[in-house]
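> The primary structure of each chain is shown beneath.
Protein chains: 2
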Amino acid sequence: MQIERDILSKNDAYAAANRERLAQTGTLALNLVSSPGAGKTTLLVRSITDLEGRYPIAVIEGDQQTANDADRIRETGVPAVQVNTGKGCHLDAHMVGHAFDSIELKDGGILFIENVGNLVCPAGFDLGEAHKVAILSVTEGDDKPIKYPDMFAAADVMILNKTDLLPYVDFDVERCLAFARRVNPDILCFQLSATTGEGTEAWYGWIEETAAKARAAA
Amino acid sequence: MQIERDILSKNDAYAAANRERLAQTGTLALNLVSSPGAGKTTLLVRSITDLEGRYPIAVIEGDQQTANDADRIRETGVPAVQVNTGKGCHLDAHMVGHAFDSIELKDGGILFIENVGNLVCPAGFDLGEAHKVAILSVTEGDDKPIKYPDMFAAADVMILNKTDLLPYVDFDVERCLAFARRVNPDILCFQLSATTGEGTEAWYGWIEETAAKARAAA
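Chains P and C, in that order, are what the protein sequence lines are. Residue numbers for the first sequence follow the numbering used here, so the first one is 1361 and each next one is one higher. Residue numbers for the second sequence follow the numbering used here, so the first one is 1361 and each next one is one higher.
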């Protein structure tokens, strides 16, 4: 436990430094967390494509291995840095601080940080982001918020993704939302399909509003 | 790194004790690992229902929170122990050893251990099982074996689950199998749908063959 506390307090110091650096440019940083394959990268590619031009956007991609995701992001024309964690199961604030060295943060921009696909470990690590956004795909089952409560308690936003697959799976949206609110009464929920684009406007609206706050605070 | 080594060597000692205990009753222990929501519990419920009577079966269920999965298993009539890991991101051999105290292992039986849904951390922890079985659902994307290579290297078997959803998602089965074999040339692959039952016979055949070996070695 002492070791765990030491690691977390060290991480918090790096996170505070990251937060300060982000504040200087009024950058909104969102930390996207989910299980592997919940659609984080697909959601990012669509969001970037739809929001580009409105804001300077940059992306930090976390994965155990491969640069596939950063490659997918760069195809949109937006700068992306890949961080490979190797054996590591989550990004930490120190890795993100280093990634800042190879990415330019422009005034009033948005930084998306895509964490390693893992619904457990990234919950405990502050990266200096404004909000954790938990993405849950409807193919994963509606009970996930109570089975992995730390993540849904740590997130300010839950995105129910892959709603285009709802007709083919056994997933009760209302039950899932109730479970999410049981572990986090204030959690904000969006339902969308990153594949078809259905439902993304509300998500973009929230980003716009939240980015305006970050800019105003700079 | 020293701390990591110490934890793993302690775990290995517990795993060896578990393995010895399993060998005494000729029990085949399988450690089921996957992302959250890949269908581990659904596969277990179907496998138990189809295999019951042929073998004594017992289940250890790992989850951060809730006893939902053990409850689902007990509905089949098979004994199940729930282990809640709390903040923990994987089962370890010590937890499994304790679970043995509240579950009866009968001669020539099968013990299914359902790990916490996490495609990263459980890879490093031997529980004393005969084989790790990695379940990947086709909704998660065909690139997962190379993005989370440790797990697919640690597993002897990969089950491609939710094949009934293949018509609705962008997933290339051959590409996925090639990726899995790139990180683990000896990995055995089964394609099935735990929901419809399609493809489960080959999986049961493998269990039967492997359980016979465990019995013969007792």
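Careful, some of the hints might be misleading.
Identical copies look the same in the list; a pair holds intra-copy or inter-copy alike.
Lysine to any residue pairs mimicking SDA-like chemistry, simulated, CA-CA at most 20 angstroms apart [claimed, not checked]:
| # | residue 1 | residue 2 |
| --- | --- | --- |
| 1 | 1466 | 1544 |
| 2 | 1447 | 1466 |
| 3 | 1573 | 1469 |
| 4 | 1573 | 1551 |
| 5 | 1447 | 1368 |
| 6 | 1466 | 1541 |
| 7 | 1447 | 1544 |
Hints were generated in silico from the structure; no laboratory data involved. Just so it is clear, the structure is predicted and the values come from calculations on it, not from any experiment.
> Any hints this thing doesn't respect? Which numbers, in order?
Hints 1, 2, 4 and 6 not satisfied by this model.
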